[in-house]
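Asker: Given chain A's structure and the hints, the job is docking chains B and C with the ligands onto it.
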Amino acid sequence: MLEALNVSKDFGANRALDKVTLRVKPGEIYCLLGANGAGKTTLINLFLDFIEPTSGEVRINGRKVADDPLSTKRDIAYIPEQVMLYGVLSGIENLKYFAALATGERHSREQLLALLTEAGLPEAAADGRVSTYSKGMRQKVGIAIALAKNAKALLLDEPTSGLDPKAASEFSQLLAKARDRGVAVLTTTHDLFHAKQTGTRIGIMKQGRLVADLSSQDLSHTDLETLYLQHMAA
Amino acid sequence: MKARTFWLVFAHEARVLIADRTLPLVLTLFALLIGYAITNGIVEIRARDAAVASILTKQNERNARNIDQLQRINAGIETPAPFSNAADPANVGGGLGGRFAYVPTSALAPMAFGQSDMIPNYYQVTYRSRVNFMYDSEIENPWNLLSGRFDVAFVIVYLLPLFIFAMSYNLLSAEREQGTLRMLLSQPLTLTKLVLAKVSIRAGTILTCAILIPVAALLIFRPETRDAVSLVQLAAWAVLVCAYGLFWFAVAVIANAFSRSSAANALVLVGSWVVLVLIVPVLLNLAVSVASPAPSRTELATQTRLITVDGLRRYQKLFSADYRYSDKPDLLLPKDGRFEVQSRPKAAFMLQRDVEADIQKLLDRFDAQLEGQQSLVDRWGVISPAIIVHEGLAALAGNGSQRYLHFQRQVATFHATWKQFFEPRILESRAMTEADFAAMPTWKWQEETLRRQLSDLSVRAIQILALVLVVAGIGFWRLKKSSAV
Amino acid sequence: MIRLIAQREFTEFVRDGRLLWAGGIMLLLIVTALGVGWQRQSHLHAERHAAQHLDYEDWLKQDERHPHDAAHQGMHVFKPEPPLSIIDPGIGPYVGSTIWLQAHRQSEVKFRPAQDATGLQRFGTFSAAWLVQILAPLLIIVFGFNAFAGERELGTLRQLMSLGVSSRALLWGKALALAMGIGVLLVPGVVVAAAAVVIESEPGRLLDSALRFLMLGLAYAVYLAITVFVVLAVSARASSSRVALISLLALWIVGVLLAPRVMSDLSRHVYPSPSRTEFASDLSTDLKSEHDKAWREQFGVSTGWGPDLPLSKWGVALQVNDHVGYGVLDRHFGALWDTFEKQQRMQEWAGLLIPVLAVRSLSMGLSGTDFVQHRDFSVAAERQRRVVQDIMSHDLIDHADPLGDRHFAYQADKELWAKVPPFDYQTPSLAVVLRHHWSGFAILSAVLAAAVALALLFVPRRLPL
Ligand SMILES: Nc1ncnc2c1ncn2[C@@H]1O[C@H](COP(=O)(O)OP(=O)(O)OP(=O)(O)O)[C@@H](O)[C@H]1O
Ligand SMILES: [Mg+2]
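Residue numbers (the working numbering), protein chains in the order written: chain A, 1 to 234; chain B, 1001 to 1485; chain C, 2001 to 2465.
Among the hints, a few may not be true.
What the hints assert, rightly or not - The calculated lysine to aspartate or glutamate pairs, modelled on DMTMM-like cross-linking and capped at a C-alpha distance of 20 Å, are: (1) K1481(B) - E52(A); (2) K152(A) - E3(A); (3) K2288(C) - E1061(B); (4) K1058(B) - D2286(C); (5) K2061(C) - D1310(B); (6) K1317(B) - D2413(C); (7) K1193(B) - D68(A); (8) K2313(C) - E1061(B).
Simulated from the structure, these hints should not be mistaken for lab results.
In isolation and in its complexed conformation, chain A is listed as follows (with noise of 0.2 Å):
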């Protein structure tokens, strides 16, 4: 579903990305480990074509994102660590624009409630004006949007950083629901116990390189910290 193929990039002397192939399939949990500065975000954006590979290509259920960028993000939904969402409106107003945006249709009431509510935000708080929305509240409406997108992909950096423990873990059952539903799920984050939990897979970045790619067998013989720390120190 989610492809880099070769993938490098270059921000002037510094290469961020540096001959990066990775797969995500439909119904798989890709989880991407790596230092500040890995290029971990760099490979997002590139799947969002907020910016172009210098080599390589990047690839969205088959189709190049560089052809067709507009068609690309009708398959994919994106959480980053911060969801920003505009102050001045209400939660649902906010899922009820992006959500049009994202399929072109509009949703009644109705349907935008059950989907906050199935993202876990209190019915309550859906109308009080997202400047006053905890980092947790509105981390939940971009899942509500991400959930309203019915998307085949989703993207997500650092999706729990900064949530609470209670919050984290009702992430992750989202997150095995969407797997289960056949969504291929490509997320970053420094947390290795979470990404013990839930990632079917997982990936190691150093340096803009991808140094280690292990599945979810490999991963019940191996301590994960341990393995992490091994290509650290390398």
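Answerer: Here is chains B and C with the ligands on its own, set in the frame of chain A:
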């Protein structure tokens, strides 16, 4: 689907702009300012119309009195005073019967005062040389001339861009700073479409406000604007204002296409406004006056004096001849169609005629120079849209330099006709008759043709639309290359 | 401490290019404006001086002629262009410079430069004064909008406060830095202007010019200081540097662009001035009725210049006519000019809220290009006209024809022309100017005090971080 996305963003923007109170605030303030400006204009133009009307009434009364007096003189009932004698062609051709030449206010006059607070809109034409009356100016406090007037043209040229900036300096940068731009662009939506929709809602509202309020006020309070010609002019006016507004929106798009902060955008925009609206016009004015300098007025004064001295010498004999009214009061009455014009008025007429002829070349130089400057401004004005629009709005309001030049040329022609009519009567001592009063030249204003106005205007519109295209082209090209992160 | 703060701040202006770019453009503009102003002033001054001289010579050289014809021919007087008009041409472009002194009527000062210019003139006159009044405050805004707000966003403000720097020291330091920034840009302009003024001053009035120049400098210094403190106050108060910038720009636009025009409308509303038609017709009506009265009283005739009055009396009649007219003219022109002055005074006092109005008035006054000094010239010119008229009428009375039926046959000679003194006009001294403009200094000082108070209020001892 495509068009729907546009309208979706459009409607959403409207909601956000209303929710954060930008739109109500900006539009109310702008409506107040432009409302004040058009009120100012309508009041002022009414006063000017009233002034011209009162002059004309006075002139008609005077004319009637003159004819009345002439009838009484002819009937032998009245012996007139020497210097207010309706039978004396030198009197009638001078101050007693001098006609007012005036330029009527245009239908759109309340839109821009232009040069009207400085150049008079009427002159009293007598046989005296043009040097004597053409350099009069309207009475106005020079301090106020310096400050400038608060008219619709001021609101459009100076303030509209600032209001446009207030609405759009952070068109994209705000979304970028809030982080919503990433959210938006992860949806199937291009930056170009996003910006187009954002600009459309802003341009739609403020330009509607800028056009509708003055136009509606004029249609309601100035019935002159309701005929076909004026409606065409109003439409042209609206086109000019729209094009100008779009230019500044395009500038705002360029500023936002670079991923800089909102504060930096505000600075860049105000900087561009300072350069294009404040500095370039003032520098162009300077450049034009250097490239085509006005001949010296001091020189004109000196020349006028020398020519007058010459004339005084030439007609010395006539000037020294005394009035003979004391011993021959009969001289004040016409006899057999003749009226003995005294030597001094005769000499005065000839002196003025000669001064006029001799000074003509010098005056022509002034006219040519001013036209030279104007054509330079028309050619180079394209370096700032503010200049194009300022000149265009003044021209549409009928208060531009061109129309005043047109007026002054007509006054010169009328003045010549006037003198021609009186010259034989004064020099050959023919008494004024009632038929003469009916046949006397009357001022008839010839409006500039609509075609000329429109061709002039379409040049400006093309200039400014070309600027809009160039700037918007750069903006959207830059936008394509700019990234969401 | 304060110096240290100012130095760091100033280094920032230099490093981030603000001083180089914004400042460089400003510097270039000011020096250009002064150059252009200098060239214009010296040209006009020389030309008018020469013309004035020539005109009087021609007057003396007149042929034998009837005195009233000589009076009709009259003379021209030219307004001298003061040396400080290099800096501030004031109302110059909108008033004339030449008066033709003729018999019977007070003339207007003619030939306004703006009438020989295109509509672009209405965008303003390019001069050093214009640049400092309008653009220098903008420059201070660009330099200072993030003085406090920017440091707050960076977090360096917390750092500074934790080191025990007092907030007031910070304020004075930043004010000093802004003053240095703007000062560096103005120094070259000040030097050029000073040189120009010294060179163009008449030697006898060098002291006058120098004092005017110093006071002009003082006035602008106070004006710019007001801007500095307002900018710092707003920057300290604003929640972010963006808010600070937007508020300051809005203040600037209202202050230099909107308010002056609104005030000009308002002053016209409070003290309406007549249109040219009204003025001319009121004047004519008044003149006629006064003349008729005088003719009735003095000569017992009902119409002026009629056959009932013997020609030998025309000299006396001319004098009576003129003298009656003087009063009427003084009344009408006086009232008009008083109205103008009242309008301006009102706007000057509005300077308490809109300092640009106060400094503009003061700057024109000190430069000798304001209405008060224009009026002084007009009055002097009219006085000269009356001197000519009176001398001519006197001569006519002395030579009234004993036969009773001659008047214009009489011709005076060069001796009479020489009785008219040359028009020797001295521009008003600084003392006169200060009598009119002390209020400008008072207003600016009051506004400065208010601006400092505002800055102190918004930079309290415990600065919000
Ligand atoms: N727009 C950009 N311009 C220049 N360099 C960039 C840009 N974006 C990222 N980089 C560089 O690319 C490299 C990878 O950055 P990236 O943001 O992908 O790291 P990351 O793995 O997401 O780090 P973190 O865990 O801190 O989020 C870094 O060296 C960064 O400096
Ligand atoms: Mg990252």
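Asker: Now look at each hint and say whether the structure bears it out.
Answerer: Structure-based check of all given hints:
{"no.": "1", "hint": "K1481(B) - E52(A)", "in the structure": "holds, 11 Å"}
{"no.": "2", "hint": "K152(A) - E3(A)", "in the structure": "holds, 13 Å"}
{"no.": "3", "hint": "K2288(C) - E1061(B)", "in the structure": "holds, 18 Å"}
{"no.": "4", "hint": "K1058(B) - D2286(C)", "in the structure": "holds, 17 Å"}
{"no.": "5", "hint": "K2061(C) - D1310(B)", "in the structure": "holds, 13 Å"}
{"no.": "6", "hint": "K1317(B) - D2413(C)", "in the structure": "holds, 16 Å"}
{"no.": "7", "hint": "K1193(B) - D68(A)", "in the structure": "holds, 15 Å"}
{"no.": "8", "hint": "K2313(C) - E1061(B)", "in the structure": "violated, 33 Å"}
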